[in-house]
Amino acid sequence: MIEEVESTPAVVTKRGPIKVSRDRSKRGERQAGEAPYLLVKDLVVEFPTADGTVRAVQGLSYSLSLGRTLAIVGESGSGKSVSSMAIMGLHDPKSTRISGSIRLGEREIVNMPQESMRKHRGAGAAMIFQDPQSSLHPYFTIGNQIVEAYRAHHNVSKRAARERAVDMLGRVGIPHPRRRLDDYPHQFSGGMRQRAMIAMSLVNDPKLLIADEPTTALDVTVQAQILDLIVDLQQDFGSAVLFITHDLGVVAELADDVLVMYAGRAVEYGTVNDVLGKPLHPYTWGLLESIPAVSGDPARLHPIPGTPPSLLALPTGCSFHPRCEFRTRVPRDLCRQDLPDLEPRTADTGRMSRCHLREPDRVFETDILPRLP
Amino acid sequence: MLTFLLRRLVSAVSVIFLTLIASFSLFYLAPTDPAGVVCGPRCTPQRLAEIEKTLRVHDPVITQFTGYVKGLFVGRDYTTGGVTQECSAPCLGYSFTLGQPVTKLIANALPVTVSIVLGAAFFYLLIGIMAGTLSARVRGTMLDRVVVAGTLTLSSIPYFVVALISALFVAGVILPGSEWVPITENPLGWAGGLLAAWVTLGIVNAASYTRYTRASMIESLGEDYVRTARAKGISEKRVVYRHGLRAAVTPVATIFGLDLAGQLAGAVFTETIFGLPGLGRLTIQAFSQYDLPVLMATVLIGAVALVTMNLIVDIVYSILDPRVRLR
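For the record, the sequence lines run as chains E and F.
The first sequence begins at 16 in my numbering and counts up by one.
The second sequence begins at 734 in my numbering and counts up by one.
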């Protein structure tokens, strides 16, 4: 399965240059024609506050098939976590307005009744969170927490659930799982805690696994192990994985498809090779440029100028235009006036970008590529 | 665990001993005239000298102190007017004002205070934790605001005002009249006689405990592990009570331990206003009559209660939170 693919984009990260190493194209073919398991359409998530409405996600659409991994990339506040929390039904209905559609298999998640939502959480879709230190309850043993997750969806005895928990801990690579079952989270190391968290999320065989920056809080050597584990488990379980991250090295390592989000909207979408190799949106270029190179000259680091916009008062037109160095190349101040659509960019399906710039592939080659390390 | 207990025991004993020295020297230095108090207004110099001899007020202070400490452990005798009073260990001194050994006075008053304080604790913990949890769950709604405003109002009225109103209009009207019946004599009478005091002390404290629980619960409901619990698909009730409240009660337990220690030294207002013969009322009486042995004993009991409750709180904490190791 693992083999080098010709002409893969080189992405440089904290861990050094990383190549897209898994053969995505074959998996893509295998999955082609299958109905997507997750179908998000025109998703809007808003939080009414005293200061106005926070527009966290605005008209997001994408799909994800079983066996595939979609990476959602963006800065904090881009809506990547908020949209995934909506799939889990984790937003408080009292303080959140959600519209549009999230279909998971046959079921519609948006406005699902509370009890059905409860049954869906953990069983239909499960989530791994960023910081395993704070995401596991400090007062309960690891075993206790996994058993609770299993018994929430399976009417089995405590003993049977414990056996299942031991089995799961073994599968995620925790040595002596039976002995570690009655340990508390603080007795586990950071990496082991995240493994336990993964075991807990997979205990009910969810068809969709949402991983919200699962390696951000871990140290670098452990990060790679956790990523490998997620890839391996995905192959075993055949589930769809939604991977939320801002680390493009991680994206190159495990994603099939990439969705780049900015200020609550998708700005670019495509396969990992396309998006990382021939990105079409200035924001994606900015993300690529802002990756520090291990051996590179620190002066070469190009952060995206400015800060992400307030979700209370978004810029007119394209939300990215105040930070975009290419808007002068678009005539008639179009970027400030008019929000571009997310449009197909090439003949083959699925390659999308939200930008007024003409021939972005040429601009990338002439302006951006020479700047990349 | 054993080394922890030993170490804490040593420190507890030294704290109590220091309190003892402090209270002893405070009363020794204070401009009081214990012999004069015992002697009364129509006192002859001859009688005063006799009493001073009995009280050994002219002994060096060290001798007086060692005599007091010795009495605590092995007992001592008091002789007044040719009559010898035996005061067996733990002898806390002899109250000439009340004509009884202090130990006996304390032994009579302590069950009253313990009954009042524990009974009230049952009420305020129950009400406070339930109302606080509810309020945190519906945070920001009308109900939450009513709870917050209500508890704030109740907490800002001086306690003795609430107690007085309750003693006048509730005890003996809606609830049974307030009286002390030992539980060994008549358990129902015991509960009935204390009910008014329980409810009063309970409701006022419940206001504080509602606010503690609410704040603690809001914090714990915002924790990542509560989100994880919800993401597992367990029922909302289980999320709130098993995961949220479990973490939220730990800080509340700490406050409770220290509150309890303070109250055990005497629920002064409650006992005085409801006419219950507990430690608080004993202290007040002792104050007005310069009854030094009784005052010193109550100070000592306060110190013992505080040190003991602190130790209990630490042990309970280690049971509640597995991350806490007693070393």
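One or more hints might be untrue.
[Unchecked claim] Straight-line distance between alpha carbons at most 20 Å, and here's what the computed DMTMM-like set of lysine to aspartate or glutamate pairs gives: (1) E:Lys134 x E:Asp220; (2) F:Lys837 x F:Glu918; (3) E:Lys109 x F:Glu918; (4) E:Lys134 x F:Glu819; (5) E:Lys56 x E:Glu358; (6) E:Lys109 x F:Asp1047; (7) F:Lys970 x E:Asp107; (8) F:Lys970 x E:Asp182; (9) E:Lys222 x E:Asp182; (10) E:Lys173 x F:Asp877; (11) E:Lys134 x F:Glu918.
Treat the hints as calculated values from the structure; they're not laboratory data.
Each hint, compared with the structure:
{"no.": "1", "hint": "E:Lys134 x E:Asp220", "verdict": "holds (13 Å)"}
{"no.": "2", "hint": "F:Lys837 x F:Glu918", "verdict": "holds (19 Å)"}
{"no.": "3", "hint": "E:Lys109 x F:Glu918", "verdict": "violated (55 Å)"}
{"no.": "4", "hint": "E:Lys134 x F:Glu819", "verdict": "violated (74 Å)"}
{"no.": "5", "hint": "E:Lys56 x E:Glu358", "verdict": "holds (15 Å)"}
{"no.": "6", "hint": "E:Lys109 x F:Asp1047", "verdict": "violated (39 Å)"}
{"no.": "7", "hint": "F:Lys970 x E:Asp107", "verdict": "holds (15 Å)"}
{"no.": "8", "hint": "F:Lys970 x E:Asp182", "verdict": "violated (28 Å)"}
{"no.": "9", "hint": "E:Lys222 x E:Asp182", "verdict": "holds (19 Å)"}
{"no.": "10", "hint": "E:Lys173 x F:Asp877", "verdict": "violated (38 Å)"}
{"no.": "11", "hint": "E:Lys134 x F:Glu918", "verdict": "violated (56 Å)"}
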